[in-house]
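Got chain H sorted already, so can you dock chain Y onto it with the hints?
2 protein chains.
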Amino acid sequence: MAKEIKELTPRAENFSRWYQDLVVKADLAENSAVRGCMVIKPYGYAIWEKMQQELDRMFKETGHVNAYFPLFIPKSFLSKEADHVEGFAKECAVVTHYRLKNSPDGKGVIVDPDAKLEEELIVRPTSETIIWNTYKNWIQSYRDLPILCNQWANVVRWEMRTRLFLRTAEFLWQEGHTAHATREEAEAEAHQMLEVYAAFAENFMAVPVLKGVKSASERFAGAVETFAIEALMQDGKALQAGTSHFLGQNFAKAFDVMFTAKNGTQDYVWATSWGVSTRLMGALVMTHSDDNGLVLPPKLAPYQVVIVPIYKNEEQLSRINEKVAGITAKLRSSGISVKYDHSDNKKPGWKFAEYELKGVPVRLAMGGRDLENNTVEVARRDTLTKETVSCDNIEQYVGQLLDDIQKNIFKKAFDYRAANTVKVDSYDEFKVQIEKGGFILAHWDGTPETEELVKEETKATIRCIPLEGDQTPGKCMVTGKPSARRVVFARAY
Amino acid sequence: MAKEIKELTPRAENFSRWYQDLVVKADLAENSAVRGCMVIKPYGYAIWEKMQQELDRMFKETGHVNAYFPLFIPKSFLSKEADHVEGFAKECAVVTHYRLKNSPDGKGVIVDPDAKLEEELIVRPTSETIIWNTYKNWIQSYRDLPILCNQWANVVRWEMRTRLFLRTAEFLWQEGHTAHATREEAEAEAHQMLEVYAAFAENFMAVPVLKGVKSASERFAGAVETFAIEALMQDGKALQAGTSHFLGQNFAKAFDVMFTAKNGTQDYVWATSWGVSTRLMGALVMTHSDDNGLVLPPKLAPYQVVIVPIYKNEEQLSRINEKVAGITAKLRSSGISVKYDHSDNKKPGWKFAEYELKGVPVRLAMGGRDLENNTVEVARRDTLTKETVSCDNIEQYVGQLLDDIQKNIFKKAFDYRAANTVKVDSYDEFKVQIEKGGFILAHWDGTPETEELVKEETKATIRCIPLEGDQTPGKCMVTGKPSARRVVFARAY
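Residue numbers (our numbering), protein chains in the order written: chain H, 22 to 514; chain Y, 22 to 514.
Some hints here could point you the wrong way.
[Stated by the list, open to error] So these bits of chain H aren't anywhere near chain Y, every CB distance computed over 10 Å:
(1) T83
(2) D413
(3) R438
[What the hints assert, rightly or not] The list that follows gives simulated cross-link-like pairs (lysine-lysine, DSS-like), each with its CA atoms no further than 30 Å apart:
(4) Y:K360 x H:K137
(5) H:K360 x H:K407
(6) Y:K360 x H:K81
For the record, the hints were derived by calculation from the structure and aren't laboratory data. Every residue gets a Cβ at the ideal spot worked out from N, C-alpha and C, and that includes glycine.
In isolation and in its complexed conformation, chain H is listed as follows:
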């Protein structure tokens, strides 16, 4: 498409606009003609595909298999689990008819009133109900357990205020749904998947995350316990990046799914569900990127290296092409993905800015002097520094550099979070601190009333009760009542 100058609003000026600008200008996604639905563009989708690949591998390594369940959920299914319907039945896309017909006025088509469904269908906002209705037929005895299914799917939640990747009416995700013979096994599964998500976020996205338990009011509708990973964005707001739910026997009871145990007794089946979505794309962007554009972790970049030739004439270009072919071959044989951009309708400076915007981790530039000296200029996206290095062993140099970048951006994000996590002991101090953003570790009396008060007065929510860290008891910063341990407050996406 026609390229205009792609200036980004600086983060300090307006973080939200910077984000929106960047997602669109770096060709990650855009709003579609359908309210609240996004188009994920090829460059953005390529990152999502890499995320999918790694997650899918991790799910399979932990014994899970993929399956696919229907897009539609009969309206009555949603009502079967009392909490679930409160959480999900409200804002959803409802299919009421199954046919259009030509308009009598000859203009376009209208809904055919004769094609009304007996029972309306809901476009799945999440699939516990349709899946547990299916599992009912799959499970008779302990021998049929565990069931460890995952599905990659689209879901729809009718959000009124949407933002690309972070909150859209339709989004892509995976949802794991497992069935177990014992409570212990289901709890272990929920914990295991939280660990998988945390490992993925930290090792691939280079996003440090807190692992914790949600308070009752932030729990998934229908869960006994919700575990989450929470990340801190550069504007000081928290982002819930993935959740893993221990569902107890709630859905088994709602859909009457019982099994015969080894000892012959009958019991309801224990369940978990867990999911991450294209929201991770938002977390990725808001954790690492800067005023020049995206900064991508090498492990998820669609291509890790871009090579740009700088030439005076065709003859020089053809010599550079030849030299680059050798470099490209060496990089690729080391498992490094490379794009060579020798398009002749754009200047090198334009290309440099473009690949900075796109967050390509390493840029190599080769000009006439490099040809003479057997060198290449290497620029790293995270620090924006450059150096000239020999073409000999370039694949080792770049391989090492990619590792360094992966580690460096994690460390940067980790240090940012450390610098923006504070302990607070009084509610007055809390009110001041919350305006600065970041995670606040504070004591809470464990009641939903106090949680609600803090939320109303400060817009901060309890992000999680951390599974790790300081377990010292204390007194609630608001009520002074006993607190089992500090919890994490923040304003959140």
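Chain Y alone, transformed into the frame defined by chain H:
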């Protein structure tokens, strides 16, 4: 789940029931609680994943990238292309509301009448309209072309009579949508993707296909020309396994997508679209499988080899386990996927039947005598033959066997098709022959009237006008009018 005896209806008795039985009993898919929507079970989904992987690789090798477009299409978009709306607007899922609320009688939830959409949304039956509405913003000049996008997605077509994989209300597919500066380039793309589909069907699915052009009445709604691959099932019925459409400028005109050419002139953009779906699963099953169950091509089998121990006591089992560990390691290091089933609650005979049903290409069985002799019993699923071979170089033996099976099932299907393809010169002969099933090569005068007559009287349709083969002109079998070449008739799924 509890395993009952899994008897299949023999093909000769009732092919349609055999198919339905097999899909369910081999754990490929089952009907869901939502009318017309299927659940794709883990074993079936694993085959679909392998198909996706190969196709995705082939798409990327031919320069395509993946993207994602919205699930919903505004109703008015469907009407913009006159033929398209006739083909797709009629049987579709219509979203009219975006909220439910608690029922006043306290029982469950009802559609909130206050949450009616201004314009209804259609769950995509195919995405040309929403995609060309998007491409409008992506294309200004020839520099923005070509666009070579594919998406993996679910689509919904409200079918009244459904059959697992073959015709379901919701199905999974990929749809490629490309935009080009010239007619020639778009036509070449449509041809290229037909070749990709044919290569995939023959080399991976082991399903021989005819490549051809559709007659006007069988064309995709909105296409200038539809190319298709057609396969012949074991009951003598044809199955359209994939289509590639040259769309001309129809969608560019409907959505006003113009570009500035190199010479400065303005023109509408040229388009193609192409797709294959989970219907391929049906083609796979109906081409190769037999009365004992599935027969899977080794290249798409979730696991290529299953190993079953036959033992008298625990001590013998532990020696077999040890021996099998070595075999498994050797097979895996040769890139062969293996499952070792030493579960102790099922007898070997039960396992043999189960893996036959599941179509695992090669079964190894090891008993006490094998241990003594350093041998293993090898059974191939396609021929149901067995032999005892040495464990030395077992990986080479099995590797070769898998290649042989892949080739053999293709050859078997190819020979079946050859034996069931006949030339017919009179309409009387045609009426007799069509009852026997198979492909009939006959002359046709090229008119929709004759095509319609044949369809009404014999239920046979023109599957395609082949791109290859005998090009001799002749006289229409029905009207005696001139015919450019023989076309392929068959009854079809």
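**Request:** Please settle this one: H:T83 was flagged as non-interface, so is its CB more than 10 Å from every CB on chain Y?
**Result:** holds, 15 Å
**Prompt:** Is the hinted pair H:K360 and H:K407 satisfied, with a Cα-Cα distance of at most 30 Å?
**Reply:** At roughly 19 Å apart (the allowed maximum being 30 Å), H:K407 and H:K360 satisfy the hint.
**Prompt:** Beyond 10 Å from chain Y, beta-carbon-wise, is H:D413?
**Reply:** Fine: 32 Å to the nearest Cβ keeps H:D413 off the interface.
**Message:** For H:R438, is the shortest CB-to-CB distance to chain Y above 10 Å, so the non-interface label stands?
**Reply:** Holds: least Cβ distance 31 Å, greater than 10 Å.
**Message:** Does H:K137 sit within 30 Å of Y:K360, going by the straight-line distance between their CA atoms?
**Reply:** violated, 48 Å
**Message:** Between the alpha carbons of Y:K360 and H:K81, is the straight-line distance 30 Å or under?
**Reply:** holds, 15 Å
Going down the numbered hints, you'll see the structure goes against just number 4.
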